[in-house]
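Chemist: Listed below, chain by chain, are the residues.
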Amino acid sequence: MKKTTIFAAIGGVGIAVLAIFLIAADHIDSPSVEGTTTDIADLYAFEGNNPDNTVLIATIQGPLAPGDVTNNAAFDENVLLEFNIDNTGDFKEDLVIQAIKRGDSMYFFGPVAPETQGLSSIVETSGPRHRVKISTSENVEVTEEDGMKFFAGPRRDGFFFDFNRFNKVISGEVAPEGFLPPAEASDFFEDLNVLAVSVEVPNSMLGTAPAHVGGAVGINGLPPAYNVWVSAKRKQ
Amino acid sequence: MKIYKLSMLFIAICTSLLFVQCSDDDDNVINLATCNDGIKNGDEEGVDCGGSACGPCEEAFTGTYVQEDIMGRPGINTVFSGSPEVKNNFNTTTVTGRADFTPIFENTLETYHDVYAEALGLDPANVNYETNILGLDAPTFSKVLAEFDALQVAPNAQTVYFDPSTEVALTGRNIDDDVIDISLILMFGGGDINNLNFDGSDGSPLLISDSVGFGDRQVVDFPYLETPNM
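The listed protein sequences derive, respectively, from chains A and B. According to the UniProt record's numbering, the stretch in the first sequence is residues 1 to 236, in order. According to the UniProt record's numbering, the stretch in the second sequence is residues 1 to 230, in order.
For reference, chain B alone in the conformation it holds in the complex (with noise of 0.2 angstroms):
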């Protein structure tokens, strides 16, 4: 009898605990899943990932991927790729396979001096590239263009896409470089950087320059780009 009292009572405080315990663990359930705790719970797609809460999943960041673009130095391919085939076939090509543009560059390069020359009533024939300032003829031109397609970026040194007053060029393109006129400057200029061609002067058409300049923008601290016009 007594045996039986003493189980009894152990019964009733197990019991007690239970319905405790039970009330506890639901309302733990609900407000501490987390996704460091080991368990596939909320609105979790995985252990511990994905959902409202978590960071995606490993599954998330699976696949191949397949080049549709591609960037090196400004303006390249709207430039000298002639022909909107030539200029989906060089966005998914690799740097490494672009001798085949070459040629193509040097004919572009050599068809906008006939432009002029036409414009101008001279012969074409008269009105050609001449070696830019950084001593390149068309063919050498045409090759670093397609071939060398990517920023120079020198670390620990000035970055600038070409700097007149200290003649560093390809080292980097800051955001306030004036591309535009550098590359005109390359494709029309000639060599001597003192008396530059198609300069505008004596009625020659003006295209080593489009005469506009950053502007009112300014360089931030990092994202180093301005907040959106709006």
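Isolated chain A, as found in the complex (with noise of 0.2 angstroms):
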């Protein structure tokens, strides 16, 4: 089939979906957020190397190229970065953790249950408090208080993909080809960066995991787990 016709095929609907298809993990992801300091990029939760903890890590404003762009980049003051555990099955952020910039330094609040659910924050002042001097590309602060660890800076993207096939795949260029072989493929953030935020948080801080959601549609036999999602908020 030529081009054109692929073109003419994907037509109508088909080609509003395709040209806004995958661009990144969350990178860049809606007209509203891109290119601003509340665009979320990713989002990794595992267990530390501490089995007994977990890690919660948000990376935002990704990509960053490399030097004075990741350089220049800086947290926003007026943006509340929170990671929101569920821990009763009902995806609704029974704790949060925050972290939010003043100064020199990232402040985190939590856990702690907020005093709101949902896309309206207040910073929890009440929550247990601690601070890390936000890093630079050449030092790193990391902060360890009370079982916690914390980090704020620049750090190489951890996302891999191959984004410029990606968008030929998806465009009909390479149909119906599709992806390249290992050997031709190339990952588009390989040298990259974004800002990162680390928390390293114990178990025991984030309570009981409900039944793993899996059990709802099917998915039997997986152990229970903590629904965690990351939201960026921006102060009024």
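Hints listed in this document are in silico derivations from the structure and should not be mistaken for laboratory results. Misleading hints may appear alongside valid ones.
[To be verified] A partial selection of chain B residues facing chain A, derived with a Cβ cut-off under 10 angstroms:
(1) F61
(2) Q158
(3) G203
(4) D221
On a predicted model such as this, the values are computed, not experimentally measured, just so you know. Glycine included, C-beta positions come from ideal geometry on N, C-alpha and C.
Fit chain to chain and form the complex, with the hints in mind.
Modeler: Following this line, the structure appears as structure tokens:
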């Protein structure tokens, strides 16, 4: 089939869908946040090197080119980054860990039950409070207190993806072949950076995990699991 | 007369002490302004807060903050929302407010299959999403993506997005988990992990892997992500 025919076939709703197909994990994921200081790039959540701990990492403002772009990137004092933890299984946050920049430092509040759930938040100053000086590309600052660890600063983007080929795959330009074999594929994010916020927290601070949501849709046998997401909220 | 002399002596002593103390106090005020002296001094913005030396005042943490972006699993909004308007709406909803997104996501899933059917010269009606390796049909898969959009994170257990060797799924997301390939497999691969669809063999499109891995990255000690590329 000729390319022109493919585009014709894609037409209508299809082209609208495909034009904005996967750009990245969450990097530049919608017009309203693209290029802003609330634009979340990725969320990681995994067991720490200490198996009694969970690590939460949010990356934002990615992708950042090396050099000046990375060195000039800065957290925004008007943006509250919030790790949300549902430990009852209803997908509402029962605990939050908040991060917000003040001066040369990132302040962390939580884990703490938020005063309100949902789209609006206040800084939960009644919760546990910690501070870490924001790192630079050269100097890593880590705070370790009360069994928790904290970091904020630029890091290499951990996300890997053949973004350029992907755009061709979804535009129909390389249909029907699709993606490239390993020897020809290329990782778009390999040489790029992000601003990262990392927290390591003892599981004992996160409450008892609920039954895994997979059970609700017939995926049985999975261990109890918190539901975790990250949000970026701007001061009004 | 005697009383007068004693009074003069007392006044003289007191006056000399006053001068000495004044001198010392002046120095102390400048040198010993601290963030726990109970007074607003130095360049503090409040009592023992703000300024160049102290932590921020409590007023610095007041105000209301409203959601502009949200993320649970990787790629959900960018892959499935389908239009800029829907994507913006997705970012300003809570996870519990996603029921309207489920049919949109299912439509997107089928549209992708239609596009490749067209490219292959096949009837789109015959090339559809097939129940994936997790056993989820299109409506259920779409519901999981939209309405259960969070990372499930298992404490004190293996955390992984999907591990084919153990078939443990959705218990976390490690930095080196290949979430793109896993997502593509769940979208296009069908239900047989040993015989996935769209694997590039026999002239079929390669849609279940972008062929890119973790590369030369490493997972380091806390903060786990590496030093920036410079």
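Chemist: Check each numbered hint from earlier against the structure, then list the numbers of those it violates in ascending order.
Modeler: none
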